[in-house]
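**Q** Listed below are the residues making up each chain.
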Amino acid sequence: MTDVKASAGGHVDIDLPNGWHHTVHEGSVAMVARPRGWIGGSAPTLTVTKSRTPGVGTLGGYCDAQLAGVVASVGGHLVHLASGHRPRPHLDLTLAIELLGVDLTVTQHHLVDPHSPEGTEPACLALVATAVVADHDWPRLAPGLIAAVRSIRVRGT
Amino acid sequence: MTALLDVEARRVVATRRQLDALRSWALGRGDPVDPVVAELASAGLLADGVVHPAVSPVVAALGSVVGRAAVRRWCGGRRPIVEVLVGPTGVLVLPGGHEVDAAHDLRWHPRPRAVARVVAEVLGVPPHDGPPVFGAGQRPWAELVAAACAQGGVALADLRWSTRPSAPLASVMVLAWAPDGGVVEVVPVDRPGWVACRPRHPLDVWIGLTTLCRQVTGG
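Going down the list, the sequences are from chains Z and B. Heads up: the first sequence runs through residues 1 to 157, numbered per our numbering. Heads up: the second sequence runs through residues 158 to 376, numbered per our numbering.
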């Protein structure tokens with residue numbers, strides 16, 4: 001079991017170009033992991049982030065927002081998409097993309113906590129595990145990485 | 158068939174005959190009085206007797222093929238065969254079939270390791286898991302082809318692969334699916350002309366494709 005602890009926290013200020021806006025608020029990187037002693041380029045990484053998506057109070061809305069964000073930002077080929085409510089609301093997403101001249105497989109498991117309290121803005125809190133690996137390493141690492149991202153959980157649940 | 162070069166749209170359309178002539182020209186073996194060469198010049202693929210720089214990567218890919226794939230597809234009828242050529246200079250997709258005068262709206266990717274993604278896009282397997290489109294029982298191959306040729310949205314694809322330029326293509330992955338998922342791998346059985354279907358998750362398909370592509374790109 002790996003401890004997932006919030007990073008240094010605190011607010012981040014950034015000057016965005018004109019016309020830009022945040023699509024995800026209050027996110028933070030909770031953990032980054034990579035193999036020890038990796039030989040060769042494009043070391044695989046596993047990242048856990050926390051995010052809050054405002055204005056979206058359902059799992060379906062969260063999935064739509066994630067897909068829209070993916071299409072708008074990284075594009076690529078959608079390999080796998082699934083969402084469900086058992087045992088907890090979640091989204092599984094796997095993409096094949098090109099980034100900085102490397103062909104990568106990105107596989108994610110989102111643990112989603114939708115909130116739609118009456119009288120306040122709905123929002124989805126999410127804990128997201130993301131594994132990024134070069135396509136040519138994917139066949140060898142896929143089973144372990146898929147299991148790893150799907151193992152993410154909030155302690156005590 | 159008129160060739161087309163639209164640099165702004167990054168679009169090249171040409172037949173196999175025109176591509177062969179273009180490659181010959183690049184190698185210094187072109188025939189200036191060949192009418193196909195005139196077509197290439199008219200389209201701008203040859204400019205002042207030189208291959209247009211925008212098409213050079215395509216010509217380079219054609220001349221250095223180390224592996225190739227061909228995808229036979231059926232969905233609402235038989236679709237044109239799509240050929241994917243892989244070489245050190247990148248991946249070239251010829252989507253228009255095998256006829257020498259069929260037009261190909263070419264796609265080119267600069268890295269050979271993009272081949273898995275390119276083939277996945279050509280196959281078009283849906284990203285959703287679901288109930289298998291066909292049950293596990295044995296059935297004639299013709300039954301699958303008939304189902305995919307009907308208008309129900311069932312798709313069937315035969316990925317044929319060669320890891321050496323001169324080696325013949327062989328089927329390495331045959332898949333069928335419904336529009337909303339339910340991918341199965343179609344495998345031969347002992348009875349000639351009959352097959353069986355095994356459920357496959359979209360991630361299984363992607364693992365299979367990236368495994369195949371390692372054979373070409375060297376992993």
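Simulated from the structure, these hints should not be mistaken for laboratory data. Incorrect hints may have been included.
Some chain B residues near chain Z, calculated using beta-carbon distances under 7 Å [stated by the list, open to error]: (1) Pro284; (2) Ile364; (3) Thr368.
Using N, Cα and C, we set each Cβ at its ideal position, and we do this for glycine too.
**Q** Each of the hints needs a verdict: does it hold here or not?
**A** Evaluated hints:
1. A distance limit of 7 Å between C-beta atoms decides the matter here; for Pro284/B the minimum to chain Z is near 4 Å, and the interface restraint holds.
2. For Ile364/B, the suggested interface contact is upheld, since its CB lies about 5 Å from the closest CB of chain Z, less than 7 Å.
3. Proximity of Thr368/B to chain Z holds as hinted, the smallest CB-CB distance being about 4 Å (cut-off 7 Å).
Checked against the numbered hints listed earlier, the structure breaks none of them; every hint is satisfied.
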